[in-house]
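Using the sequences and the hints given, assemble the complete structure.
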Amino acid sequence: MRIARGEYALNYVILALFALFALLPFVGVVLNALDPEGTNNSGFAFPTHPSFGNFVEAWTVGHFSDYMLSSVVVTVSVVVLSILLTVPAAFAFARMRFRFSGIIFGLLVLGLIIPDEAIIIPLYFDLRDVGLTDTYWALILPQVAQSIAFGVFWMRAAFRTFPQSVIDAARIDGASDFRILWQVLLPTARPAVTTLALLIAMWTWNSFIIPLVMISGNSFRTVPLGLAFFQGEHTTDYALLSAAALIIAAPIVLLYLFLQRSFIRGMLGGAVKD
Amino acid sequence: MTRRRRQGAWWQPYLYVLPAFVVFALFIGVPMIQTLYYSFWNWDGLSSATWDGVGNYLALFTDPTLRGSFAHAFVLLIFFSAIPVVLGLVLTAVMSRAHRMPGLSFFRTVMFLPQVVTTVAVATIWIAIYAQDGLLNQLLRVVGLSGLAQPWLGSFAYSLPAVGFVGTWLNFGLCMVLFISGIGSIPPERFEAARLDGAGAAREFFSITLPGIRGQLASALTLTIISGLKTFDLVYVTTSGGPGGSTSVPAFEVYNMAFNQGSVGGAAAVGVALTVLISIITAVVNRIQPREAE
Numbered sequence: 001m002r003i004a005r006g007e008y009a010l011n012y013v014i015l016a017l018f019a020l021f022a023l024l025p026f027v028g029v030v031l032n033a034l035d036p037e038g039t040n041n042s043g044f045a046f047p048t049h050p051s052f053g054n055f056v057e058a059w060t061v062g063h064f065s066d067y068m069l070s071s072v073v074v075t076v077s078v079v080v081l082s083i084l085l086t087v088p089a090a091f092a093f094a095r096m097r098f099r100f101s102g103i104i105f106g107l108l109v110l111g112l113i114i115p116d117e118a119i120i121i122p123l124y125f126d127l128r129d130v131g132l133t134d135t136y137w138a139l140i141l142p143q144v145a146q147s148i149a150f151g152v153f154w155m156r157a158a159f160r161t162f163p164q165s166v167i168d169a170a171r172i173d174g175a176s177d178f179r180i181l182w183q184v185l186l187p188t189a190r191p192a193v194t195t196l197a198l199l200i201a202m203w204t205w206n207s208f209i210i211p212l213v214m215i216s217g218n219s220f221r222t223v224p225l226g227l228a229f230f231q232g233e234h235t236t237d238y239a240l241l242s243a244a245a246l247i248i249a250a251p252i253v254l255l256y257l258f259l260q261r262s263f264i265r266g267m268l269g270g271a272v273k274d
Numbered sequence: 001m002t003r004r005r006r007q008g009a010w011w012q013p014y015l016y017v018l019p020a021f022v023v024f025a026l027f028i029g030v031p032m033i034q035t036l037y038y039s040f041w042n043w044d045g046l047s048s049a050t051w052d053g054v055g056n057y058l059a060l061f062t063d064p065t066l067r068g069s070f071a072h073a074f075v076l077l078i079f080f081s082a083i084p085v086v087l088g089l090v091l092t093a094v095m096s097r098a099h100r101m102p103g104l105s106f107f108r109t110v111m112f113l114p115q116v117v118t119t120v121a122v123a124t125i126w127i128a129i130y131a132q133d134g135l136l137n138q139l140l141r142v143v144g145l146s147g148l149a150q151p152w153l154g155s156f157a158y159s160l161p162a163v164g165f166v167g168t169w170l171n172f173g174l175c176m177v178l179f180i181s182g183i184g185s186i187p188p189e190r191f192e193a194a195r196l197d198g199a200g201a202a203r204e205f206f207s208i209t210l211p212g213i214r215g216q217l218a219s220a221l222t223l224t225i226i227s228g229l230k231t232f233d234l235v236y237v238t239t240s241g242g243p244g245g246s247t248s249v250p251a252f253e254v255y256n257m258a259f260n261q262g263s264v265g266g267a268a269a270v271g272v273a274l275t276v277l278i279s280i281i282t283a284v285v286n287r288i289q290p291r292e293a294e
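For the protein sequence lines, the chains are A and B, in the order given. Going letter by letter, the first sequence gives residues 1 to 274 in this note's numbering. Going letter by letter, the second sequence gives residues 1 to 294 in this note's numbering.
Keep in mind that the hints were calculated from the coordinates and are not lab data. Keep in mind that this is a model prediction, so the values were computed, not measured. Hints are supplied without guarantee of correctness; some may be wrong.
Examples of chain B residues toward chain A, derived with CB under 7 Å [what the hints assert, rightly or not]: (1) V23; (2) A273; (3) L274.
From the three backbone atoms N, C-alpha and C, an ideal C-beta is built for every residue, glycine too.
Structure follows, in structure tokens:
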């Protein structure tokens, strides 16, 4: 089917306008961040003497190197633990028959709609009572629990599409369930696992209310929490704040730019029922 | 050859599920039940609690601050959900064959970008835009409307729409990407047939495009409504509910009441109400999801 030239042009104009709308704030923040230190321009102006001083200051004075380390530790731990817990469970839900599997699966998936705000209060008091607030565990464990809800849902769908005949053949060859999961299913489900890992990494990296409630001191602060506090201390130092915002958004944005297909598929696919 | 067991013991599947289930139960299931329990008590988080029955739930309707926070959440839904979805639909209708265009993946990547940036950074970016000398006021001055220029987030009248507009910016790309991909899955012959039959643009949209993207529409509504109702980070960083409570939303009140005002029971009730609201809306929206493949 041919597309009329006029329609073509119109489509591009619309897409370009909206792409511009999406990008404009980012362009603004980059320009602000490049302003020389001490000049406080919150608006749109091309810096005459672009300088990277704000990035250096945010990184050192603003402790963002420490926050970055916390975020990396927490994110990597959450991704690894979540995948290790999710994959076997999703395999059982997709490929095994057992009593109450529907109910258990339903309960786990219910986690998809439970907001942080509905669990954060008791979670704080519980973890404080066992002395886990102000530790990495208080950031990791609740986040793993949240990732399980989506992960089981996502990986079950991936494992379900696998042809039963291949599994039967492997069984006849004497492969155990565990080997079938590890050597037959998992290699073909690699794209699904990658997407899951990326999404969990993004949610963990960007998570805010959990660190806000669980962490009281300067140590263990993750980057979003660090930025929120930085914001409080330098309310109108837009150049410095912009640099800090860019630093903390950069890791996930870079991952996204390289693996955008995976990201988009996961973020939209997770909401579409199969 | 000995016959091997085809399935393991009956308890084996439970072993695969157990670790995930335990972590989930400990850190989501139990706290959820505890929140429900807390919500029936008056407790400041320190001294001993007193039974309050449904008092905290009645307060959701009688306390002006709480009632206001839910009202604000509905205003935010207009910006987070209604505007991006309607805008997305209109644009999709206009460019009904955009999915075949070269370079589409570039636009998709750009429009989706706001979704992956941490909200705290997004908030920081928009604080600068809304500032006295920020981009918005700069634009207004350029077009000769300098009279309107003001610190937007500090205004009683405009702070809520200003926060809401950030939600529009966050979510419109998600809607566009969803709808464009939905259109891509409609067989092109259908559009062709409609055009041969002389169907106008409106007719084509309502009888082919809209039914064809029902699933994507349901997803867009679910994702954007939930993101609107769960707004916490954005409000915390940009306005902290101010000025004068004009941008306070339920998710913010949960945090504020529990950890700043020592009203743990009341905060728990808000958390429960928010969860119920999200469940109901999700269930209703899911009804427009197509059941089976046509």
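Status of the hints after comparison with the structure:
1. V23: Holds: closest Cβ of chain A sits about 5 Å from V23 of chain B, inside 7 Å.
2. A273: Check failed: Cβ of A273 of chain B comes no nearer than 9 Å to chain A, outside 7 Å.
3. L274: This interface hint holds because 6 Å falls under the 7 Å limit.
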